[in-house]
Structures are given as structure tokens and as C-alpha cells.
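Participant: Sequence:
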Amino acid sequence: MNIYSVINMDIVGSREIEGRAAVQEELKQYFRQLYIENRHILVAPITFTLGDEWQIVLRDVKESYNMFLKIKDFLLYRNINCYCGVGIGSISTEESEDTREMDGKAFIYARKALICAKETNTFYNKMLYTKDCKVIFIGDSVKISNSRSDEKISSEQQLEVAVTSNDDDFDIIETLNAIIQNNEILQLNMTEKQREVISLYESLGSYGEIERKHPRYTKSSISRKLSAANYFLVEHNRNIIKGLLSEYCKMVKEQN
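Taking our numbering, the leading residue of the sequence shown gets 123, the next gets one more, and so forth.
No lab work stands behind these hints: they were computed from the structure. Fair warning: there could be bad hints in the mix.
[Said to hold, decoys possible] Cross-link-like lysine-lysine pairs, in silico, BS3-like; alpha carbons within 25 angstroms at most:
#1 Lys265 to Lys227
#2 Lys253 to Lys341
#3 Lys364 to Lys192
#4 Lys248 to Lys265
#5 Lys372 to Lys227
#6 Lys265 to Lys234
#7 Lys375 to Lys184
#8 Lys315 to Lys194
#9 Lys341 to Lys234
#10 Lys315 to Lys341
#11 Lys240 to Lys184
Use the sequences and the hints to build the structure in full.
Facilitator: Structure (C-alpha cells):
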């Protein structure tokens, strides 16, 4: 059985955005470029579905959060926020070049996740525990017990997940959402200057290269900004999220 992720996204307050049509056109062009760059993991081109909502279908589930971050960062650069619901599961139809022609568990979960992401009252929203996060993952419940975790997850991964529970097991999706929510808060607190340095570091790859091409920055100032932004913790969390998604898919396949 193949496991997919379906990502449904929507712009926050889209009707109030100035130049809404221009933003949509920019997004369409960006999505075309994303598809070209990632067609090895995308089932179909990214499709606008309802109004300002769009849908992404990935065959490489572990890249789901990274795909969301790419689009979120593209929008943040334009001072636009977004909601995101990610569903993980099977597809009951054949793969298609049009996401609207496909259906199945992954699509159902993605729709439910987007609705939950838009629920602003955290008292009633039992999946989102902070108003500062607008992304939720939903999939079949897969629990790991203490006895099973030794055989399924390495000791290093167990330490990284650092789950506290009243019983002998924990749910991977719940753990995944908890890490994502914490990571989203860390990123929300980043300043514009910190984001600029992060962008340079990710594109150029080293402090020295940034200093050479952008003399206004020194190695020490770059280091301070990355540290203040908790950049390396955010990246570490992204790796854990990727690992959890990969492990989740393996266990779902084992159960079916």
C-alpha cells in the first residue's frame, strides 16, 4: 500500500489583501516553479481548489513539512500568513495530473486538518494548543509502546522525541504536531534581520561566504543572529519531524 500526504493551504484573511489578483498570479507562477523543482516527489501540479485554497499531493511524505515551509516563507516575504492542513494516508483512486480527480483517506484527513487549523479557539481545538501555529497533521493513529520503541526507533531518536506520557505509549501524530507547534512558535519570534541572515546562510552555506559577499556582516554578528533566532534548534526539529514522518509511514504500512 502506498502512503501519500495531501497538503491543503489557504491564505489568512485573503479577501482583505490588497492586490489579491496579483498575489494569486504570483502564487501560480511560484507553484509552477515548485512543481518543476520537485516533480520527483509531487504526484501532480499544485492545484487551486476552492477560492484561495490550493492542494498539493506528495508521494514522499517525509517532505511534507519542508514543502509547507517553502510556501509559508514565500508568503511571509509578502507579509501574508497561511493556514495548512496535512492529511497522511492512502488514495482510493488512480494517481492523476489533476488533484481534484483523486480521493481517499489522505484527502479526507487534509480537509479535516485545514478546518482544525482555522479553529481559533484553542479551548475547543484539541489538536492545536497555541494560536501562534496554523498547521496541523492528521493521519491514522499509530502508537508506540515502550517495549516496541526499542525495536522501531533508535535510542537517539527516542531521546530526541522526549515524550512525557502517563501511560506506556504515545501517538506519533500527536508527537509530530507537538514538535511542529513548538517549531512554529520559534520561527514566529524571528526578526526580519534574523530571517535575512538565515536566508543568506542557507543559500551561501558558510559564515565566511556571507562575510565575503556581504561585508556589512561579520562572522560574529552572523553567529549571534543565528543563535538569537534559535536557528539550529529549528533545523534540528525539522530533521526530527522528517524522521517521525518516515517512521510513521513504515508503521502504517505494517498495520495494513
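Participant: Hint by hint, note whether the structure agrees.
Facilitator: Results of checking the hints against the structure:
1. Annotation: proposed proximity of Lys265 to Lys227 holds, straight-line Cα distance about 19 angstroms (limit 25 angstroms).
2. Restraint check for Lys253 and Lys341: the C-alpha separation of about 35 angstroms exceeds 25 angstroms, so the hint is violated.
3. This hinted pair checks out: Lys364 and Lys192 have alpha carbons roughly 15 angstroms apart, not beyond 25 angstroms.
4. In summary, the hint linking Lys248 to Lys265 is supported, as the alpha carbons are separated by about 18 angstroms, within the 25 angstroms threshold.
5. A C-alpha spacing of about 17 angstroms is found between Lys372 and Lys227, which places the hinted pair at or below 25 angstroms, so the restraint holds.
6. A C-alpha spacing of about 21 angstroms is found between Lys265 and Lys234, which places the hinted pair at or below 25 angstroms, so the restraint holds.
7. Of the supplied pair hints, the one linking Lys375 and Lys184 holds, its CA atoms being roughly 14 angstroms apart against a limit of 25 angstroms.
8. Of the supplied pair hints, the one linking Lys315 and Lys194 holds, its CA atoms being roughly 18 angstroms apart against a limit of 25 angstroms.
9. Of the pairs offered as hints, the one joining Lys341 and Lys234 is violated, with about 45 angstroms between alpha carbons and a cut-off of 25 angstroms exceeded.
10. With a CA separation close to 15 angstroms, the supplied pair Lys315 and Lys341 stays within the 25 angstroms bound.
11. Annotation: proposed proximity of Lys240 to Lys184 holds, straight-line Cα distance about 23 angstroms (limit 25 angstroms).
In this structure, the hints that do not hold are numbers 2, 9, in rising order.
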